[in-house]
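Visitor: Place chain W on chain D using the hints.
There are 2 protein chains.
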Amino acid sequence: MTDWQDRFSRQAKRAIPSAIRALASFPRAADTIPFGPGEPDASLFPIEPLRNVLCGILDDVSLARGALQYGPSEGDLLLRERICTRMALLGVACHPDNVLLTNGSQQALHLVSQAFVDPYSTVLVQSPTYPGALQVFLTHGARLAAVSSDVTRSALIYAMSTFQNPTVVSLSLVQRQDLVDLARSLDSILVEDDPYEVLRYEGEALPSLLSIDIGQRSIEDVRTIYLGTFSKSIAPGLRVGWAVGPKIVIEKLTLLKQIDDLQASSFAQAVLIRLLAQGVEPFAAPIQATYRERRDRMAEALRTEFGSRGAWNVPEGGFFFWLTLPPEVDTARMLQIAAQVGVTYVPGVAFTHDGSGSNRLRLSFSSVDPDRVAEGVRRLAAAYDAYRT
Amino acid sequence: MTDWQDRFSRQAKRAIPSAIRALASFPRAADTIPFGPGEPDASLFPIEPLRNVLCGILDDVSLARGALQYGPSEGDLLLRERICTRMALLGVACHPDNVLLTNGSQQALHLVSQAFVDPYSTVLVQSPTYPGALQVFLTHGARLAAVSSDVTRSALIYAMSTFQNPTVVSLSLVQRQDLVDLARSLDSILVEDDPYEVLRYEGEALPSLLSIDIGQRSIEDVRTIYLGTFSKSIAPGLRVGWAVGPKIVIEKLTLLKQIDDLQASSFAQAVLIRLLAQGVEPFAAPIQATYRERRDRMAEALRTEFGSRGAWNVPEGGFFFWLTLPPEVDTARMLQIAAQVGVTYVPGVAFTHDGSGSNRLRLSFSSVDPDRVAEGVRRLAAAYDAYRT
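Residue numbers (our numbering), protein chains in the order written: chain D, 1 to 389; chain W, 1 to 389.
Chain D with its partners taken away, still in its complex shape (with noise of 0.2 Å):
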């Protein structure tokens, strides 16, 4: 018989399973309430539109066919122009030279570190952050280091700007220049993921920073590379995301993309291309509304039935609140006794490189029927009590 880890490549080796995948194993009530999965709302795709849009390109055989046959790997011009127009509102002027279609900003964030990062290359990141993004950086070899340490090096730093996942918190604007001032002091490249910025209930929008560091440069002269996606503000299944930034760094992504895939979807990208023709905006407003109501919905529930357990900011926008519990709590093992009592989450720690986080936990709100969601926050404070005795 093969002995097949022994011939697995290094990187293959390197490639970890994510911690929220591996937390997710416990057994659980059989009504149990998911606090932990980022999910949208499934009843908020834009099922109707799509509808007409698909039937469009279906009537007209030339459409169709263009929709189902190959295409080219950095995306269909017309979807790169309608993002550059959302990158516009951005502040962000750019070509669609500057952008490359990506199967959501998953692929976008493994083909940037494809293009960067060589094993033992150290990568800073926020702690915590996004696992996907550690897991993607881990397989291709780096050293991870937290954004505020003290290194003199770095091939990539990783950063999401705003409702941060996990902590939905939005950089200030002094933290956004002086990101950018660091990725030029150590001579990096400045990778800005922004899959949430759709997702704004309150408060104004401040500068992305590859729009900070384009400031008087042109686009072509930036170190910063922005990532976004059409998965929160149309639908994740469609699987389309984008990669801005200088035209010598798109074309060696688009190669890479090319070599890993030939291309994204022919046909998710004719749909959007229709589907766009308004821009985001006018699927972003319903949306907006609903995760605004979810969140003031959890808000309250936190107040009422957590109370004085943890400690918790109110999100502008985004998934997710961060909860943060006395330092003794594990909540990796707190999240034993939850699953018993019927409710889920995902622990601090799943978000960090360095095991940091232990005390913290994140609840997503924007999957979860808004009735249900006092109940489940009563049995995380049942959950936590149980734990604490």
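Since the hints were derived computationally from the structure, they do not count as laboratory data. Computed from a predicted structure; not experimentally measured. You can trust all of the hints, since none of them are fake.
Note that the list lumps identical chains together, so a pair holds whenever it fits in one copy or between two copies.
Below, computed lysine to any residue pairings styled on SDA-like, alpha-carbon distance capped at 25 Å:
#: 1; residue 1: Lys13; residue 2: Asp118
#: 2; residue 1: Lys13; residue 2: Gly355
#: 3; residue 1: Lys13; residue 2: Pro119
#: 4; residue 1: Lys247; residue 2: Ile273
#: 5; residue 1: Lys247; residue 2: Ser185
#: 6; residue 1: Lys13; residue 2: Pro96
#: 7; residue 1: Lys247; residue 2: Leu89
#: 8; residue 1: Lys247; residue 2: Asp221
#: 9; residue 1: Lys13; residue 2: Arg184
#: 10; residue 1: Lys13; residue 2: Leu138
#: 11; residue 1: Lys13; residue 2: Asp187
Guide: Then chain W, alone, in the frame of chain D:
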């Protein structure tokens, strides 16, 4: 200004553009007949069945929500079951746990290479072979050698078993058994890439390498990984292919896929599940009939218009004719003349890891207007005659 070239990773530096694309930039006549691209003919895409299936999905709220939401990294169970049904027709008994859905078979190839190829590993390839495979292996740092070479160790053996690209030759039963034995004697992984199996116009299919490897074993004990795709049977724009192998390998490939881009498109999978309720066969028959006729047209045109200038076999399937010209002819140089007189093809050198094949060329009949094939071959003959004088 940032020196980007200096910052790219070793892997990114090893990524080289497709030789085909580089050769496609010659100036050419306005009405050029393109025998280069290996695309399916878009007029054969099953637009009406796709329309019915899509309406069915989008009219059913529950189906629609599922098709637009995140899904499992390994792919939808129902579609993996459909693929098991297809594999059974190819002589392979497997379970959905043995199947991973990918973005076309290009991504399956990338994932297999990522899983097994370290820098300086040896990968054995057929010579000539599919240029996209050479790109993948080179990006991962492989040393390439011909399957026929006298190596004592290899990480991977890559072979197209049926209607190989570009030679259109299928391996004989003896050659198949020899390859399976070679993989075992070299203690290597065997990758069977089989995108064209559905495009058979005559003759009997031989057992796949995977089915030979299974023989009296269980699929869990093979060292062959089979790659398939819906790009030829249905449409490439959906970007769905698959890998089949031992469960332990599929689990590792699934993890790498998750880190690369989370999952294949839920939407494309939902479409294929319903479209393939009766299998691939209802779609294969009309496609085979059309391409068979085109093959016959090109065979006739070559016989009458190109004559004794070169040698070729009439393929039993696939999209191509593979022409051998006198040894002193350089088909890459001849392409400049051909483009001027209004015909293009892919020179043989684009398909080899060692620069051989310079007197060969590939003609594709899949997507050229059948009524222009004879004129295209006449132009090719004229280009050849002009090149020789």
